[in-house]
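Based on the sequences and whatever the hints tell you, model everything.
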Amino acid sequence: MAEKPEPVHVLYCQMCGLPAEYCEFGPDFEKCKPWLIQNAPDLYPDLLKEANDKQAEKVADQLQAVGISSSGDGGGAREGQADSSGSNAASKPEEVKRLPGGKIKKKDKQEVVIEKIVRNKRKSITVVKGLDLFGVKLSDASKKLGKKFATGASIVKGPTEKEQIDVQGDISYDIVEFITETWREVPESAIFFIEDGRKVPAA
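In terms of the UniProt record's numbering, the sequence shown has 12 at position 12, counting the first letter as 1, and numbering is strictly consecutive.
Bear in mind the hints are in silico, worked out from the structure with no lab data behind them. Quick caveat, the model's predicted, so the values are computed rather than measured. Please note: incorrect hints may appear among the correct ones.
[Said to hold, decoys possible] Under the rule of at most 20 Å between Cα atoms (straight-line distance), these lysine to any residue pairs were calculated in the SDA-like manner: (1) Lys109 - Glu188; (2) Lys109 - Pro201; (3) Lys123 - Thr180; (4) Lys31 - Val8; (5) Lys143 - Lys121; (6) Lys157 - Pro201; (7) Lys129 - Pro201; (8) Lys121 - Asp196; (9) Lys157 - Gly135; (10) Lys31 - Pro187; (11) Lys33 - Leu47; (12) Lys109 - Lys49; (13) Lys143 - Asp170; (14) Lys157 - Ser139; (15) Lys49 - Pro34; (16) Lys109 - Lys148; (17) Lys121 - Trp183; (18) Lys143 - Ser154; (19) Lys147 - Lys109; (20) Lys116 - Phe192; (21) Lys147 - Asp196.
Put into structure tokens, the structure is as follows:
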């Protein structure tokens, strides 16, 4: 009598829901990394090495900061402590920048990019990217754009997995004035068009 085959136990990622070995092909690989390092280090040894390298670099920076601030005689102990607290305070912003693990969002340049996309030869869609970098809520922006231009506007994920607003119709040139008037924090100098594959300033 043939033996019954053993069921295969698949480890699913708690972040994206894909099997762990497919996370790198999923939409949120950056978010999956911490979970994978803890739960599936054998599948992604490079991630573990990268995390260890970053941890070692962080510890080395902390040791260096302590070594510099504490170099002094007993008489200058208080001064050394003051320097230590000062250097620690100064180094905190640096550490905060490194903590996200190189996430691109933190380093994105503040700019709004507007692009017209033609679909099915007739339909045009105006894509607006980057409003969220100025603190604008995309859900509110989508409603206001739809109301202003009497058309459909929705939030979708673009090719780079960043959220953008798709507005039905060609309103690319009318939209600039509306953006600068509605959201004063967005200067016209920070708005660009994509024309023939090139980024052109709107101002």
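Verification of the hints:
Using a Cα cut-off of 20 Å, the hinted pair Lys109 and Glu188 holds, with the two alpha carbons roughly 15 Å apart. Of the supplied pair hints, the one linking Lys109 and Pro201 holds, its CA atoms being roughly 14 Å apart against a limit of 20 Å. A C-alpha spacing of about 26 Å is found between Lys123 and Thr180, which places the hinted pair above 20 Å, so the restraint is violated. With a C-alpha separation of about 26 Å, the suggested pairing of Lys31 with Val8 is violated against the 20 Å cut-off.
Between Lys143 and Lys121, the direct Cα distance comes to roughly 26 Å. Violation of the 20 Å bound is thereby established for this hinted pair. Pair hint Lys157 plus Pro201 does not hold up; C-alpha atoms about 24 Å apart against a cutoff of 20 Å. Between Lys129 and Pro201 the CA atoms are separated by roughly 14 Å; this keeps the pair inside 20 Å, and the hint holds. As the CA atoms of Lys121 and Asp196 are separated by approximately 17 Å, the hinted pair is consistent with the 20 Å bound.
Pair hint Lys157 plus Gly135 holds up; C-alpha atoms about 18 Å apart against a cutoff of 20 Å. Restraint check for Lys31 and Pro187: not satisfied, since their Cα atoms lie roughly 32 Å apart, outside the 20 Å limit. For the proposed pair Lys33 and Leu47, the alpha carbon gap of about 7 Å is at most 20 Å, so the pair holds. Distance hint between Lys109 and Lys49 is unfulfilled; the C-alpha atoms sit about 29 Å from each other, more than 20 Å.
The hinted pair formed by Lys143 and Asp170 meets the criterion: a straight-line CA distance of about 17 Å does not exceed 20 Å. Between the alpha carbons of Lys157 and Ser139 the distance comes to roughly 13 Å, so the proposed pair stays at or under 20 Å and holds. At most 20 Å may separate the alpha-carbon atoms for a hinted pair to count; Lys49 and Pro34 meet this at roughly 12 Å. Of the pairs offered as hints, the one joining Lys109 and Lys148 is violated, with about 27 Å between alpha carbons and a cut-off of 20 Å exceeded.
At most 20 Å may separate the alpha-carbon atoms for a hinted pair to count; Lys121 and Trp183 exceed this at roughly 33 Å. Of the pairs offered as hints, the one joining Lys143 and Ser154 holds, with about 8 Å between alpha carbons and a cut-off of 20 Å not exceeded. Under the criterion of a C-alpha separation no larger than 20 Å, the hint pairing Lys147 with Lys109 is inconsistent with the structure, at around 28 Å. Proximity of Lys116 to Phe192 is assessed by CA-CA distance (about 12 Å); at most 20 Å being required, the pair is judged to hold.
Annotation: proposed proximity of Lys147 to Asp196 is violated, straight-line Cα distance about 29 Å (limit 20 Å).
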